[in-house]
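Build out the structure end to end from the sequences listed, making use of the hints.
At position 50 of the sequence shown (counting the first as 1) the number is 50 in UniProt numbering, and the numbers step up by one without a gap.
Among the hints, erroneous ones may be present.
Between beta-carbon pairs, the in silico distance windows are [said to hold, decoys possible]: (1) Phe-3 - Asn-50: 16 to 26 Å; (2) Pro-36 - Thr-10: 11 to 21 Å; (3) Gln-40 - Gln-18: 34 to 44 Å.
The set of hints was computed from the structure by calculation and includes no laboratory data. Values in this document were obtained by computation on a predicted structure and should not be read as measured data. The beta carbon of each residue, even a glycine, is placed where N, CA and C say it ideally should be.
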Amino acid sequence: MSFEYAKTVTDHFITQLQQGIAPWQQVLLPGCVRSPYNPQTGRNYSGINNLWLAS
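Structure below.
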């Protein structure tokens, strides 16, 4: 992972937190409790990619 990508994700989270948004809290919908995933392979994204896609 590049430093620039990590900084972009960090800045995105800081902006959301300053706006009062908690990006890791989502309203659960019946049948929609899955983490972000690759629809082609069905594999869940992991690490910082999971955080970025979930926000």
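Verification of the hints:
Checked against the hint of 16 to 26 Å, the pair Phe-3 and Asn-50 passes, with Cβ atoms roughly 19 Å apart. Between Pro-36 and Thr-10 the C-beta distance comes to about 18 Å, which sits within the given range of 11 to 21 Å. A hinted range of 34 to 44 Å for the beta carbons of Gln-40 and Gln-18 is consistent with their spacing of about 35 Å.
Violation of the numbered hints given earlier is absent; every hint is satisfied by the structure.
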